[in-house]
Amino acid sequence: MNVKAYLKIKVIDENGKCTYYRRYRSRSFVANFLRQIFTNLSHQSVNNVNTSGGSYSIVNYDTIIVNNVSNNDNYGILIGKGTSAPNIIDYNLSQVISNGASVGQMQYGAVSVTGAVTNTSTNTGYITVTRTFTNNSGSSITVSEVGLVAWSGNFSGQSNQFYLIIHDLLPTPITVPNGSSLSISYEIQVAT
Amino acid sequence: MERMRKPNIDAYLTVIVKDKNGKVVLRKRYKSRSFVVGFLNALYTVFTSPPSAQQWLVNPDIVVGSGKTKPSITNTGLTSQIGNGTGAGQLQYGTDSLTTPITNLNNNSASFTWSKSFTNGSGGNVTVAEVGAYLATENAGSPTTYFILHDLLPSPITLANTQVLTVAYTITITT
Chain A
1 MNVKAYLKIK VIDENGKCTY YRRYRSRSFV ANFLRQIFTN LSHQSVNNVN TSGGSYSIVN
61 YDTIIVNNVS NNDNYGILIG KGTSAPNIID YNLSQVISNG ASVGQMQYGA VSVTGAVTNT
121 STNTGYITVT RTFTNNSGSS ITVSEVGLVA WSGNFSGQSN QFYLIIHDLL PTPITVPNGS
181 SLSISYEIQV AT
Chain B
1 MERMRKPNID AYLTVIVKDK NGKVVLRKRY KSRSFVVGFL NALYTVFTSP PSAQQWLVNP
61 DIVVGSGKTK PSITNTGLTS QIGNGTGAGQ LQYGTDSLTT PITNLNNNSA SFTWSKSFTN
121 GSGGNVTVAE VGAYLATENA GSPTTYFILH DLLPSPITLA NTQVLTVAYT ITITT
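Residue numbers (our numbering), protein chains in the order written: chain A, 1 to 192; chain B, 1 to 175.
Take these hints with a grain of salt, some might be off.
Unchecked claim - The calculated label-pair distances, taken between Cβ atoms and stated as ranges, are: (1) Thr162(B) to Thr83(A): 55 to 65 Å; (2) Asp13(A) to Ser80(B): 49 to 59 Å; (3) Ser84(A) to Thr127(B): 49 to 59 Å; (4) Ser72(B) to Gly100(A): 42 to 52 Å; (5) Pro156(B) to Ser57(A): 35 to 45 Å; (6) Asn125(B) to Gly53(A): 53 to 63 Å; (7) Ser57(A) to Asn107(B): 20 to 30 Å; (8) Thr19(A) to Lys28(B): 22 to 32 Å; (9) Val24(B) to Thr175(A): 51 to 61 Å; (10) Asn119(A) to Pro143(B): 48 to 58 Å; (11) Pro50(B) to Thr175(A): 29 to 39 Å.
Just so you know, the hints here were simulated from the structure itself, not pulled from any lab data. Quick caveat: nothing in here was measured; it's all calculated off a predicted structure. Ideal Cβ positions, reconstructed from N, Cα and C, are used throughout, including at glycine.
All chains, please: the whole structure from these sequences, using the hints.
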């Protein structure tokens, strides 16, 4: 079967030592993602909900960009401290941890996306989306939810919207000490 | 590895054969094995498209074939695609159609259906053994096409002359 997502989480201390690693099977995609693909392929406009909770009409030129730059928490992988169970109509994390070095903030690194890796022995392939978050807030921060937010683009005719496409609640919240960093990867996999 | 819950994106394949009077003579629904690496390559392209050349998805295209080779992750097309037309061994390809997504809050799922009909006007039987689909990415220019789905039918379907085969992929996400 089909398309699965895995969520990989690492905590790295200030000396570069990995102090925590988990790999989860993600619950993952929410309705916004499906609606975006639908409009792209059908040229029939439907409404999505942006990360502010506002409804907007998808246009067929809208896209699904996730590879954001550093120090920007508008899109790409986002982290939060909410504990609500994900829902198919979620449009943002419950409580986003914003970018920065102030109390309760984490510094967002750039998003990287690696191209498809295929394994012909197992008939599987995957791409990986990764972002690192550094805690320079002065105290520990607990992360309990993760999401992937896409940007529709602002090319001529595009909507210039940010919209959630994946949302996961971590089975166990992670406490990131001051000076440590948290690396989050979404591995999107197909199996034939 | 800890498991959070169920996946993610599934595809179901429905095949329907109607006779010339519109009567359904065969209907099957399968869970598709389905996605191949082209889907990831298309996603990668749109995920990473730069601000100066943003790419989006276009051009859905369901295809049918007569090949019987088991699908592989690296497939870039059907084993033996049936051509469009009314010549011997050909089928007349209809238009790809997509239904508006339905969201079901009770089971936290959403889905849309992508379908296409193929009419046998060849004058003889035509057997369909495999199904697949393409899409493309585009940036206001020449699209790049990706083969994204490939399924071998558990049982090949023989279409008599004048019969119509409808192939429908239902793409479902579950949160």
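Quiz prompt | Satisfaction of the hinted span 55 to 65 Å by the C-beta atoms belonging to Thr162(B) and Thr83(A) | solution = 60 Å, holds
Quiz item: Do the beta carbons of Ser57(A) and Asn107(B) sit within 20 to 30 Å of each other?
Solution: 27 Å, holds
Quiz item: That 42 to 52 Å hint for Ser72(B) and Gly100(A) (C-beta), does it hold up?
Solution: 47 Å, holds
Self-check item: Supplied distance hint 48 to 58 Å, evaluated on CB atoms of Asn119(A) and Pro143(B)
Solution: 28 Å, violated
Quiz item: Thr19(A) and Lys28(B), beta-carbon distance inside 22 to 32 Å?
Solution: 52 Å, violated
Quiz item: Taking 29 to 39 Å as the hint, is the beta-carbon distance of Pro50(B) and Thr175(A) inside that range?
Solution: At roughly 36 Å between Cβ atoms, Thr175(A) and Pro50(B) fall inside 29 to 39 Å, so the hint holds.
Quiz prompt | Pro156(B) versus Ser57(A) beta-carbon gap, inside 35 to 45 Å or not | solution = 43 Å, holds
Quiz prompt | Asn125(B) paired with Gly53(A), Cβ distance criterion 53 to 63 Å | solution = 56 Å, holds
Exercise. Starting from the hint 49 to 59 Å, judge whether the C-beta atoms of Ser84(A) and Thr127(B) obey it.
Key: 51 Å, holds
Self-check item: Ser80(B) and Asp13(A) - C-beta distance against the hinted 49 to 59 Å
Solution: 56 Å, holds
Quiz item: Do the Cβ positions of Val24(B) and Thr175(A) conform to the proposed distance bound of 51 to 61 Å?
Solution: 59 Å, holds
Going down the numbered hints, you'll see the structure goes against 8, 10, while the others check out.
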